[in-house]
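Chains as they are written, first to last, in this note's numbering: chain W, 1 to 97; chain E, 1001 to 1200; chain Y, 2001 to 2243; chain P, 3001 to 3575.
If you are wondering where the hints come from, they were derived from the structure by calculation, not from laboratory data.
Treat the hints with care, as some may be off.
[Said to hold, decoys possible] These stretches of chain Y come out as covered by chain P in the derived footprint (C-beta under 8 angstroms, 3 or more residues): (1) 2011-2024; (2) 2032-2043; (3) 2095-2107; (4) 2113-2124; (5) 2129-2138.
These numbers were taken from a predicted model, which means no experiment stands behind them.
For every residue, glycine included, the Cβ atom is placed at its ideal position computed from N, Cα and C.
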Amino acid sequence: MPELDENLRAARRADFRVWEYLLLLLVAGLVVFAAPIPKMGIVALIFAAAVAKAGLVVRNYMHLRHEHLLLYLIAFVPVLLFVGLTLTLLPDIALRQ
Amino acid sequence: MDTLATSPSDVAVEPDRIRAIPQGKVGVWWFLASEIMIFGGLIGSFILIRLAHGGWHAEADHVHWRIGALNTLVLLTSSLTMAWACDAVKERDQRALKTFLFLTMLLGLTFLGIKAFEYSWEISDGFTPATNLFFAFYFTLTGLHACHVLGGIVANTLLWLCAVRGRRWPMIQHRVEFAGLYWHFVDIVWIFLFPLVYLS
Amino acid sequence: MIQNWLPLGASSFSGDVDGVFRLILYVVGAWFILVEALILFFVIRYRRRRAGQAVYVTGETAYQLAWILIPGLIVLLLDLGIDASGARAWGKIKEQTPAAAFKARVTAERFAWLFTYPGPDRRFGTEDDLWEVGTLHVPVGQPVELEMNSMDVIHSFAVPNFRLRQDILPGRTIKAWFEATQPGSYEIECTELCGAEHYKMQGKAIALDAKEYERWSREHWPAAPVRPQDQPKTASAAHGGNE
Amino acid sequence: MMTTAGASLTSVTEEHYAEPSFWRQYVFSTDHKTIAKQYLALALFWSVVGGLTAHIVRWQLAWPAGTRLGHRLLTPDAYNAMVTMHGTIMVFFVAMPLLLGAFGNFCIPLMIGARDMAFPRLNMLSVWTFFLSSLVLLASFFVPGGAAASGWTAYAPLSSVPAYTAAVLGQDLWILAVALEFASFLMGGINFLTTPLTLRAPGMSLWRLPLLVWYEACASLLFLLSVGPLVAGAVMLLLDRLVGTGFYLPARGGDPLLWEHLFWFFGHPEVYVVALPGFGIMLEILPVFARKPIFGYRTIVISVLTAAGLSLIVWAHHMFVSGMDPRLAAPFSVTTILISVPFVIIVFAMVATLWGGAISLETPMLFALGGLASFILGGVTGIFLGSETTDIYLHATYFVVAHFHYTMFPVTFFAGFAGLYYWYPKMFGRMMNERLGKLHFWLTFILFNAVFIPLFVVGLAGTPRRVYAPAAYELFKPLQHFQVAATVATLLLLASQLPFVANFLLSMVRGRRAEKNPWRANTLEWTVESPPPHGNFAAPPVVRHGPYEYSVPGSRVDWMAQDQRFEPAQAAGGG
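Next up, chain W with everything else stripped away, as it sits in the complex (with noise of 0.2 angstroms):
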């Protein structure tokens, strides 16, 4: 069955293509590391760094891009609701006196 071959190798490049960038965005992030910039500059670039890289293995290797839109909500309310109640509790724990 060569057409499923054929399948079968692209698949593995557009897998491997995805491994390339998440190198590159790693490669970056420790550049930024090192770099001679404000240390609240290098944490906001390595972050957008990071949300670069689990974007890319969500949406390819976990083919999020192809699911119902269901699945996207089962995975991101969550995210939502971590990330604000972290933000809520930035005065009372982060922010004390």
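Let chain W serve as the given structure and place chains E, Y and P on it in line with the hints.
Below, chains E, Y and P without anything else, positioned relative to chain W:
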């Protein structure tokens, strides 16, 4: 609610796309949702307390970011092999499936090995969970994550054994995908732990 | 009627708290009676008597829904009213503290209250600090500012008559204030479970009118400063929780 | 955790329905009906223990140790342990296994026309994890130092520093037991959420789901979304105790307020995790015994989704005076009080369902109505505590105790009993005794109010809760006779459960055999034998309309099962 007024009392089944999703997949995603909340709560607490203490930059200098980076590389690569295993399953390519599941297990074990070495190094340097709050969080976060990696390795091993025996193929087919979802989730958790713990 | 179950209010803001209480009481009281009466009436009025007595109403049409949505809307408006009045009183009690002439430190330690007064020089940690265990003497008609610390677990400083309650978290200095309006002796309770003897952790807030307070303070701060051996304990106890 | 993923990969296969061996049938069963009964048994056992703890606590409050009638051995620590365990047991080991474990497991697959849950083996794992957790909690009573004594809220540092309470091992076991309970209900929740999404019978569109299914799923969703941070918090708490990390210890840079937030972020939704299934049961029973469609089905569903969403952003109303930033109070007070709107709509929908009905007061209906009537008082008193200002005065008083018992008792016990009397025929194939049931209801209803009305009075006077000897305060000495009244009522309330116990046990052997549909109800569980066979439905039913089509004009009978076609009346008259 359909009443007799609004619709004839008969099967009025609009195409139900939600019911069409494989139940196993929905279940795994719900499970991942609960895991997101657990790690989210822990990471949130870490960020909040860390901010309250002005960033803990001095304490954070005692973790070895090079090892962390290496482990990130290992885990990212294991995600690739896991993804390849899923591709293999889709194309019913048993040989590839065996290879890539095995590679994923191997990389997972490598990750744990490096982590164990790192722990022993830090502890011998006198940094334990009781040393200070940064290391308390460090060991809790990475330790909880390591347990999840271990769980993933166990799942992959079981599937690998099934693949080697070549039994129950239709059942494995789905399970490899679900194990993959879990494995990638564990990878994502690390993607965030790495900058949080090592680089900030 | 019911609000008479509350003990006598003896602080400048006990009126505000009781006011909000009364507002809520009337609002929810009315709803409570209405709904319970409806249920009782319907159950009696629509008991099954003959076959086919029930009417077929699905409550899906706008007209029918109005019967449950309009009450919901009314409740929404009443809620906002309650919120507004509550927020106003809260702001007065918890958010802005009036400039207080009279300051005292409250140190909670399982299972006792320690009260420290700055003395005539109005500064803590000095020679003339005075401390007493379990009793807090305050003048009537003056805002009293409390700086509260806990030495161990979470405690809660509560004086029912003052409508005052504030948890004390270890590791933080928590501020609270009140202004006694009537002389008298009022009970202080710990209302956060703090261990076996939690129930014994009580005290008295004694509000003295101007003349009485004058006499009391002259008793305690004659020209001579308080006995020195009290000093270190006072200072450390009062400061301990601040870090 | 991993076990969850591992087991959640199982799926319903055909051989799963072969008649199983004794062990697989009654002990390690994957049948949702057996699992429901196992949860039911555990819940009933724990309700006895919970009742006894209540008895000890109330006795101490009326006749303190040292007085003539007082308990001989009840030390302050033991009293705190009783209070702690009463709360823990009633919320986590009675309400949840009864309302979710028993009724959820039994009803969801039957009501949606499925042969079993989506992940039967995960379901079995869930009940056995709960069993394990029960053993751990039970053991904690008997370890040196006794059971946990830091309150069911386990506020740190009281709970995180072993030296602060007599219970050292007891507190550790408490944390372990609660963590296992969470794991168990997370597994259950994954089933409760996946099954109604993926295993609905043909024609069972989401808008045709019985309300109980909606409410059980909503409850599981809330639990799944809110419990995670507390699991993390519990891990930190355990490490504080065992390793000395100091996450909650200011001296080590930790923060006690963090625990309070993590706890209540879960603790408030948890109230709805318990309340929603209770409401779901009442919503199922009202239309059946009023012979009338539920009023505003879609509105009720939308309201509960709204309430669930809101319940995730109200938690800090438990912390108005906790020392948190006072600027947080107003917004949380607003969300808290706003949550009354969807509930008012749901309650009014229930009342409107009664209007124009043909109400017959069999025992299930009595309990449903009693639960509704009682819950309303719990709801309205919640406004006093939801308003940040009145909460300053009422927080941590007996007013709070009375309030949440008026919410939790109706949804747990009134709704729970309603559900038991209603589904007993389906569960055990026999009818319960009506006369005993009615007796049980009236005793329970009257005595329940007799217990907690006095506590409202005591609370309004400012009496703090969790106090070993309230009479130790001068201010509250005059109220002692209210405490005594509440205690006497409690003892009678406990005694008045005996008719139920007798009824429940005797009916299994003596009860009249139940036909398929003794209540002439519409939902699918009534279209199969009582009790339903393994695998429930011979062939998947085809659903033709919504679940509450009662007294349809021109119909031959006044009910119409969801898989039935409309049968016009031959001659005049009807069911």
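| query | Hint by hint, which ones does the structure fall short of? | reply | As far as the earlier hints go, 3, 4 and 5 are violated by this structure, in ascending order.
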